[in-house]
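A.B. asks: Starting from the structure of chain P, add chain V where the hints point.
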Amino acid sequence: MEYVSQKTVTILERRLGLMHLFFFVLIMGYMVGVRLILERGYLAVELSHGFVSATLEGNTYSMGGGQSYAVDSPELIGPQLESNALFVPTTVATTRGQRQDNCTDPAQPCNADADCMRLPPLAYGLCEDGRCMQLGWCPRENIDVTQVTVLQNLRDLNVILTADMHFPRLGSERMSTEDGRKARTSWSLSSLIRRAGVPYATAVSDGLVLSCVLEWACDLNPGAAPCVPRLRVFPLAQNASFNVEWATYHQVRDGKRAYLPPSLTHLLPPSLPHSLPPSLTHARTHLLPPSLPPSLAPSLTHSSLPPSLRYARTHAACPLTYSYPPPGARRARYGAAP
Amino acid sequence: MRDGPDTEQHRDLHNATGLRLLFTSRGTGRRVDLYACVLQVHPYP
Numbered sequence: 014m015e016y017v018s019q020k021t022v023t024i025l026e027r028r029l030g031l032m033h034l035f036f037f038v039l040i041m042g043y044m045v046g047v048r049l050i051l052e053r054g055y056l057a058v059e060l061s062h063g064f065v066s067a068t069l070e071g072n073t074y075s076m077g078g079g080q081s082y083a084v085d086s087p088e089l090i091g092p093q094l095e096s097n098a099l100f101v102p103t104t105v106a107t108t109r110g111q112r113q114d115n116c117t118d119p120a121q122p123c124n125a126d127a128d129c130m131r132l133p134p135l136a137y138g139l140c141e142d143g144r145c146m147q148l149g150w151c152p153r154e155n156i157d158v159t160q161v162t163v164l165q166n167l168r169d170l171n172v173i174l175t176a177d178m179h180f181p182r183l184g185s186e187r188m189s190t191e192d193g194r195k196a197r198t199s200w201s202l203s204s205l206i207r208r209a210g211v212p213y214a215t216a217v218s219d220g221l222v223l224s225c226v227l228e229w230a231c232d233l234n235p236g237a238a239p240c241v242p243r244l245r246v247f248p249l250a251q252n253a254s255f256n257v258e259w260a261t262y263h264q265v266r267d268g269k270r271a272y273l274p275p276s277l278t279h280l281l282p283p284s285l286p287h288s289l290p291p292s293l294t295h296a297r298t299h300l301l302p303p304s305l306p307p308s309l310a311p312s313l314t315h316s317s318l319p320p321s322l323r324y325a326r327t328h329a330a331c332p333l334t335y336s337y338p339p340p341g342a343r344r345a346r347y348g349a350a351p
Numbered sequence: 596m597r598d599g600p601d602t603e604q605h606r607d608l609h610n611a612t613g614l615r616l617l618f619t620s621r622g623t624g625r626r627v628d629l630y631a632c633v634l635q636v637h638p639y640p
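Protein chains in written order, with this note's numbering: chain P, 14 to 351; chain V, 596 to 640.
One chain only, chain P, in its complex shape (with noise of 0.2 angstroms):
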């Protein structure tokens, strides 16, 4: 016969159940004190994500040129639905009246023509005055000729923002900062450059790239408070400029514009002188080859095809046969042959 006994040992040891004693306190009190109340682990949280519109209120004025310029948002605002985002020009630099041609360009400096590339149609390796003739958009952005207009008083542009919010797994309402609650909507262009703590004259200058942060940290309990949204706003990169350029196209027929709707023209600032400068004619210009002639224009306009096309049909019509230099100035720079 057989069977099972099971023994139970008690060890009368103090310091052994106070060793005992203390651990079990010890994750007691991590578990309810830190784990629970510190942490506030209690609580089931979560992230979410909404949308954000922006839009720019506000009148203000522009200098340039020593003349002032009215500027309320729909001039300022280009285009005017982005996603997400707002595009606020402070210093626009606008170079009137261009058209394709030979010119020097101040970007690229030259002692000699040596010091020019050789890159036909574009360039024949010419140096004048300093700088290389290339054939492009011409006159070049430069100071002669490029009109310079800078914002002013952004504290009287105001930034309009609707935001939402959602919690669909603890089963929240959908939030909106036009739903009635007191929440903050509208802020200064000029305190969102405070706040991203950037230079206010720099921000104007060099351009700035901003990230808005609307932060909502909801309780979502029974009798909480409604919920706020806070902004925040962080410079994206430091010294990070940010700039952009565009064209609008026109034809001009016996000297006057054409296909330009006269109610857009009261929106521009008064024009400067279209002539080019005395330093952009000089004597060597019969070496390049002409420019487009009017006739060989092809029918649909610049603004309507994409930028690779414009240049592939330009250069497309112009004549093939020209070459460089012509036979007369080569015998006239390195001697004629015996």
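Read the hints as simulated data drawn from the structure, not as lab findings. Don't take each hint at face value.
Said to hold, decoys possible - Just so you have them, the derived chain P footprint on chain V, three or more residues with Cβ under 8 angstroms:
{"id": "1", "stretch": "602-613"}
{"id": "2", "stretch": "617-631"}
Stated by the list, open to error - Some residues of chain P that are not near chain V, with every Cβ distance over 12 angstroms (derived):
{"id": "3", "residue": "19"}
{"id": "4", "residue": "20"}
{"id": "5", "residue": "29"}
{"id": "6", "residue": "80"}
{"id": "7", "residue": "82"}
{"id": "8", "residue": "135"}
Unchecked claim - Mimicking EDC-like on lysine to aspartate or glutamate, the simulated pairs with C-alpha atoms at most 16 angstroms apart in a straight line are:
{"id": "9", "chain 1": "P", "residue 1": "269", "chain 2": "V", "residue 2": "628"}
{"id": "10", "chain 1": "P", "residue 1": "269", "chain 2": "V", "residue 2": "607"}
{"id": "11", "chain 1": "P", "residue 1": "195", "chain 2": "P", "residue 2": "177"}
{"id": "12", "chain 1": "P", "residue 1": "195", "chain 2": "P", "residue 2": "228"}
{"id": "13", "chain 1": "P", "residue 1": "269", "chain 2": "V", "residue 2": "603"}
Think of the CB as a built atom: it goes at the ideal place given N, C-alpha and C, for glycine as much as any other residue.
C.D. replies: Chain V only, in chain P's frame:
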């Protein structure tokens, strides 16, 4: 429409420096939840 012999293509070039503002809305929601408490005290939920 075909361009006439006295028609020239022109353009006005604009180079703008300015403020590029990028907006986002993000949030954190919190609510008392019994299941969250169980997760804290139970080793194998």
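A.B. asks: Enumerate the violated hints, using their earlier numbering and listing them in ascending order.
C.D. replies: When the structure is compared with the hints, only number 9 turns out to be violated.
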